[in-house]
Amino acid sequence: MKYRSVFDIIGPVMIGPSSSHTAGAARIGLVARQLFRAEPAWVSFHLYGSFAKTYQGHGTDVALTGGVLGFDTSDPRITDALNIADTKGMNVSFHEEEAQPDHPNTVKIRLGNGVQELELVGISIGGGKVEITELNGFPLRLSGNHPAILVVHNDRYGAIASVSSHLAKYEVNIGRMEVSRKDVGKEALMVIEMDQNIGEDILKEIEALEHVETVTKINE
Amino acid sequence: MFRNVEELVAIAEKEGIQISEVMIRQEMKIHDRSREEVIAQMERNLDVMEKAVHRGIHEEVKSLSGLTGGDGKKLYEYIQSNDTLAGPLMLDAVAKAMATNEVNAAMGTICATPTAGSAGVAPGVLFALKDKLNPTREQMVRFLFTSGAFGFVVANNASISGAAGGCQAEVGSATGMAAAAAVEMAGGTPQQSAEAMAIALKNMLGLVCDPVAGLVEVPCVKRNAAGASGAIVSADLALAGIKSRIPCDEVIDAMYRIGQSMPSALRETAEGGLAATPTGRKYQEKIFGKSAKV
Chain A
1 MKYRSVFDII GPVMIGPSSS HTAGAARIGL VARQLFRAEP AWVSFHLYGS FAKTYQGHGT
61 DVALTGGVLG FDTSDPRITD ALNIADTKGM NVSFHEEEAQ PDHPNTVKIR LGNGVQELEL
121 VGISIGGGKV EITELNGFPL RLSGNHPAIL VVHNDRYGAI ASVSSHLAKY EVNIGRMEVS
181 RKDVGKEALM VIEMDQNIGE DILKEIEALE HVETVTKINE
Chain B
1001 MFRNVEELVA IAEKEGIQIS EVMIRQEMKI HDRSREEVIA QMERNLDVME KAVHRGIHEE
1061 VKSLSGLTGG DGKKLYEYIQ SNDTLAGPLM LDAVAKAMAT NEVNAAMGTI CATPTAGSAG
1121 VAPGVLFALK DKLNPTREQM VRFLFTSGAF GFVVANNASI SGAAGGCQAE VGSATGMAAA
1181 AAVEMAGGTP QQSAEAMAIA LKNMLGLVCD PVAGLVEVPC VKRNAAGASG AIVSADLALA
1241 GIKSRIPCDE VIDAMYRIGQ SMPSALRETA EGGLAATPTG RKYQEKIFGK SAKV
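Chain order of the listed sequences is A and B. Residue numbering for the first sequence follows the numbering used here, beginning at 1 and increasing consecutively. Residue numbering for the second sequence follows the numbering used here, beginning at 1001 and increasing consecutively.
One thing to keep in mind: the hints can contain errors.
Distance condition first, Cα-Cα at most 27 angstroms in a straight line; then the derived DSS-like pairs of lysine-lysine [what the hints assert, rightly or not]:
(1) 1062(B) to 1243(B)
(2) 1074(B) to 1243(B)
(3) 1073(B) to 1051(B)
(4) 1062(B) to 1014(B)
(5) 1286(B) to 1014(B)
(6) 186(A) to 204(A)
(7) 1202(B) to 2(A)
(8) 217(A) to 1222(B)
(9) 182(A) to 108(A)
(10) 169(A) to 1282(B)
(11) 1062(B) to 1074(B)
(12) 2(A) to 1029(B)
Output of the computed footprint for chain B on chain A, the stretches with three or more beta carbons under 8 angstroms from beta carbons of chain B [what the hints assert, rightly or not]:
(13) 6–18
(14) 126–140
Keep in mind that the hints were calculated from the coordinates and are not lab data. The structure presented is a predicted model; accordingly, all values stated were derived computationally and were not measured. For every residue, glycine included, the Cβ atom is placed at its ideal position computed from N, Cα and C.
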């Protein structure tokens, strides 16, 4: 079931005008920001389907930018996000794409600074709820509604077990987990949605495990 | 976890509890939260709704485009000083629904119910019934849990997205949700809530999402007006003992299939329907300039 909480239906509290095109867009932008773990110097938004057709009218542009700036759906600063980004010297661009996406509200976000870049694809499925469907070329499903960690690791036996048993040691329950890889024995990604947040110390311990490259936390 | 309306009603009947209580208990169980936490969060949503209603009927709200604003207030003032055709309660719900959506269009703070474009229907009905039924604060919170329970079924089995299923998925769903919750608040049974939901949603089937200039304004604000009035009528039908010949779950399924067969032009792309009328196009150009696509 896609929707698991009554507050997916009665909620979110948000700045108008559209739950899918404003609140959902802000949430996708916020996930990108949390994954990037820094304020980007530039960000480009590639809009598909209904997003491409109506993004100005729905404030999708300000919402996406507000999310990347770290604003939540109910943060009134969203309405002024483009100016705030401008003041900070952040280069923001929008691109209307012609390709037909699987879901009508799809956005691809690319962001970076001199050091690193990140690319993710998100969809806004209605009522403010979003899913992240692709991260740096990895297909995935991330609702953004639960605390989650993304673990980049090497595709070796025992890597998944060592991460999950480490979480078990701290009595962290895994709600959903997804594993994907670019090829056998190559770079791989674990997406783990949990019922509670975990601290930086646990993250560092996981990052130190054999075959694990990086661990990124996404809060609720 | 209940998967459809039939299961939702069955749980309520078996346990001898209200639909709202089924929803509260499920939320506590699945998300491992206390009753106090769950109730408190919904009460905060109720506060947001109340503020939006209040603002919309008392302030001269205007959207950035200038297309909408002030009509909720206008209607509210008309009710106070006129012998209306529809009667005060019905129009009070309509005025408060419109007011909420005008606040939304003005990028004000609202609570999506189930979406922002349809955020006026449930609060409109709720705050109109408040004056007639004198509910406690807890009963008003319960209205939202009952609405949420029915919306939960629609979201999981069909859609609450205009881009995916048209306006029937947004205002249609909201109308059904509000109708079902109104029945509970008025003392009806869980099954009567289901009948009200079915009747309300049936009357919204096929409704397309065709926002002028892609803005959540025209016709959204007035569709919320229609939704609020439809919800109250459907609730009264159900309370009178009238049943929907097509069971609620099948109506929801029909809504889903209609949405799937709707052309993309009528699913929140601003390419068809009212958005594509000469006047709709004119507004589009005026607001975004001739260069604007769509």
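Each hint, compared with the structure:
| no. | hint | in the structure |
| --- | --- | --- |
| 1 | 1062(B) to 1243(B) | violated, 41 angstroms |
| 2 | 1074(B) to 1243(B) | violated, 36 angstroms |
| 3 | 1073(B) to 1051(B) | holds, 14 angstroms |
| 4 | 1062(B) to 1014(B) | violated, 49 angstroms |
| 5 | 1286(B) to 1014(B) | violated, 58 angstroms |
| 6 | 186(A) to 204(A) | holds, 22 angstroms |
| 7 | 1202(B) to 2(A) | holds, 24 angstroms |
| 8 | 217(A) to 1222(B) | violated, 43 angstroms |
| 9 | 182(A) to 108(A) | holds, 20 angstroms |
| 10 | 169(A) to 1282(B) | violated, 63 angstroms |
| 11 | 1062(B) to 1074(B) | holds, 13 angstroms |
| 12 | 2(A) to 1029(B) | holds, 17 angstroms |
| 13 | 6–18 | holds (count 13) |
| 14 | 126–140 | holds (count 3) |
Going through the hint list in order, the structure does not satisfy hints 1, 2, 4, 5, 8 and 10.
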